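Visitor: Each chain, letter by letter, is given below.
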Amino acid sequence: MFVKVGSIIAAILAWFGLSFLFPETILPGPFQTAMVLADNFANGDVFQHLFATLWRVMGGLALAMAIGIPVGVLMGVNRFAEKTLDIWVMVALTVPSLCYAIFAFIWIGLNETAAIVAIGLTSAPSIAINLWEGVKNIDTRLFKMAKVFNASRWVIIRRVLFPQVLPYIMASLRFGLGIVWKITVLVELLGRPDGVGFELFYWYQLANMQQVLAWTLLFTIVMLFIELVILQNMERKLFSWRPKVKI
Amino acid sequence: MDKGISIKGLVKDYPGHRKGERGQRVLNGLDLSIADNEFVCILGPSGCGKSTLLNTLSGLDNDYSGEVRFGGQPVGRNGKPPVKMGYLFQDPRLLPWLTAERNVDFVLENSDVPKSRWAEIKNHYFSLTGLEAFRDHYPHELSGGMAQRLSLVRALSIEPDVLFMDEPFSGLDELTARRMRVDLLDIWSRTGKTILFITHNSYEATFLADRVVVLSQGNIREEIPVEVPRPRHYDDPALFEISKQVSANFIAAAEEAERARLQPQAG
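So the sequences go chain by chain: V and D.
Everything in the first sequence is counted per the numbering used here, starting at 1 for the first residue and increasing by one.
Everything in the second sequence is counted per the numbering used here, starting at 1 for the first residue and increasing by one.
Think of the hints as simulated: they come from the structure by calculation, not from any bench.
Wrong hints could be hidden among the right ones.
[Unchecked claim] Among chain V residues calculated to face chain D with C-beta under 8 Å, some are:
no., residue
1, G76
2, L142
3, K147
4, V148
5, F149
6, N150
7, A151
8, V155
9, R158
10, R159
11, V165
[Claimed, not checked] Cross-link-like lysine-lysine pairs, in silico, PhoX-like; alpha carbons within 25 Å at most:
no., chain 1, residue 1, chain 2, residue 2
12, D, K244, V, K144
13, V, K147, D, K244
14, D, K84, V, K144
15, D, K193, V, K144
16, D, K84, D, K122
17, V, K147, D, K115
18, V, K237, D, K193
19, V, K144, D, K122
20, D, K80, V, K144
The structure displayed is predicted, hence computed values, not measured ones.
Idealized CB from N, CA, C, for every residue including glycine.
Bound conformation, chain D alone:
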């Protein structure tokens, strides 16, 4: 089955908070297609519409105009994608009253994965992420890195076709984040998923992605393909070269955003 995503003319406005206050256009006719099994990183300054993009794609917000299709199919009436979706938030967002394993069960219960396969799936991902010994621990007993790993297990357990990741490693220390990035690529190469990964970190984006998309003011500023063969090495100089280009674009986008904020709005 095709699990690509195609986005056409996506527009999202936030209304002004007070009466008479002008609303803000966060996504401004965005066009983007993501191929089946492609790993795309979205990079951009705060307020460029990154999180809004994930909210609209995941169906959390379906008050937008434009067209979103998954594998050629339109989204359902409730705005939910017609394919299976996993999600990693910036924070682990675990249910604190459930053990690690029960947190995974919670999403399995709401999925179409048959119960006969739960044990096998859980064994697989718990051991893959090194959390085997922590299945009966409560979230507060896990370190930040372990909690985020658990939320990765949770997202993968439902065997999603597409995986949305909203700055999932930004709250972790560099060493843990680095290990998680390597693990993520490893899992992705084995299971095959379409991944949309949002980040503030240009090297992270370059290391992970097939293609880095830099957003600026609700639209695409630049698309930078990363044609470095996999498996990649974290300290590959070729990645550094591309990451410089990504970085330059990111900084330019941030400057544009700054200028737009200082400019008095016309009309």
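In isolation and in its complexed conformation, chain V is listed as follows:
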């Protein structure tokens, strides 16, 4: 804990020091950035933009998981599915996220659905790959045990397969979140009239570095909160049965 707080203070000090070397229009210091951020909260529509973005992040992540998890699990347990799908997962992974965004906006229209589809499709392949690798590590001996003790197919799926896949689903949720929010900002810049990405692009066009940094800072803090406080606690609760690793 002390180490973490210490490193954050050191980073802010470094930023503070560096800001003296550059003009304000290129690198504003931490205090100015914080002031701009506070100003935005006081008289702006920060929450409207932030929630618009968070909504797209959640929607896109939900879509990515809905596609990625079944595909990944299927590829992990079935040889035929693995052989047919692996090339397509690679293709889907290779297509740049900008292309998904352009296709979605042209084919679906400049609306929320298109934004979420673009975000979901971009991150689904990474999640599928994550699950695919994970499912290969499943302990199949436990299925044999369950079968010998008369468990039905459904019981085996729910009580023996699912608990083994769950850690990989959680890992891909965290990993997926990291990808999704970066894509969301890009999609917003391209085709939405609000959100953090829109604001970033707007201030970039006006060459207002203070605002650009203020929005970057805000969004990073919010995402770190989700990752470190919400998801990590969830994981700790779900996987309390695991042995603690001491190094």
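Starting from the known structure of chain V, fit chain D onto it as the hints suggest.
Guide: Below, chain D alone, put in the same frame as chain V:
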């Protein structure tokens, strides 16, 4: 109810892995009957068909020919025995995300033991195996011996008519294994079950069994009755004498297997 097992003409082939590769006959017309409440140990070198025998009897593998009956009744369509079956694997095979007690509940839920009796059954076997204090522990918090004890509790909790044991003590240190063998005989003498126990250890087989069956190349090489009265003592010289005979048979079976492997296959 009769819980004996009768096996007639059991044949099991494994297909070759590659095209054109010859398959392998693992069980070659095996005949064996095990009486109600009998404790039979199966001994044999690797590849003699021991594990395959358990797989076919337990219904994990029902791609075989021949006839298997439990208490005179044939196996069901799914290959499952028509009697209640408990199973001990070489490794404990516990569900790592469930506590010791929940692991036992898992098999109880899939059995026909009424829920009203679960508490009593669990109390009984947890205290019998000395695991009373570990009911809320997760498997990774148990030692190897305790985990295997827990898997014994799990197998016994459903009150099986037949108990299949696949080298259950081979991964334990000798002292723990010895204690478990004594405990197993104690439990068996009190509850009465038909037990089929597979092992590599000729003294273990002799100490435990009413009858030791030595397998060689998919069939019975020798059946050695152990007519030493129970309760038995671990260091009884009479057991040592019989175990020598078992050992000699086991070694001969291993040599036969070695010769068969080196011989070029005809046809």
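Visitor: Any CB of chain D closer than 8 Å to the CB of R158 (chain V)?
Guide: violated (11 Å)
Visitor: Minimum Cβ distance from V148 (chain V) to chain D below 8 Å?
Guide: This hint holds: V148 (chain V) lies near chain D, its Cβ roughly 4 Å from the closest one there, short of 8 Å.
Visitor: What's the verdict on K80 (chain D) and K144 (chain V), does the C-alpha distance respect the 25 Å limit or exceed it?
Guide: holds (13 Å)
Visitor: So if I understand the rule, the pair passes when the alpha-carbon distance is 25 Å or less; does K147 (chain V) with K115 (chain D) pass?
Guide: Holds, at roughly 21 Å.
Visitor: Taking 8 Å as the limit, does the beta-carbon of V155 (chain V) come near enough to a beta-carbon in chain D?
Guide: holds (6 Å)
Visitor: Hint check: is the beta carbon of F149 (chain V) less than 8 Å from a beta carbon of chain D?
Guide: holds (4 Å)
Visitor: When you check the alpha-carbon spacing of K193 (chain D) and K144 (chain V), does it fall within 25 Å?
Guide: Status holds; Cα separation ~22 Å.
Visitor: With the threshold set at 25 Å, check whether the alpha-carbon distance from K144 (chain V) to K122 (chain D) stays at or below it.
Guide: holds (23 Å)
Visitor: Holds or violated: K147 (chain V) with K244 (chain D), Cα cutoff 25 Å?
Guide: Not OK: K147 (chain V) and K244 (chain D) at ~38 Å, beyond 25 Å, violated.
Visitor: Against the 25 Å threshold, does the CA-CA distance of K84 (chain D) and K122 (chain D) hold or violate the hint?
Guide: holds (18 Å)
Visitor: Given a cut of 8 Å on the nearest C-beta pair, is the interface hint for V165 (chain V) held or broken against chain D?
Guide: violated (12 Å)
Visitor: A closest beta-carbon separation below 8 Å is what the hint needs, so does K147 (chain V) meet it against chain D?
Guide: holds (6 Å)
The structure shown violates the earlier hints numbered 1, 9, 11, 12, 13 and 18.
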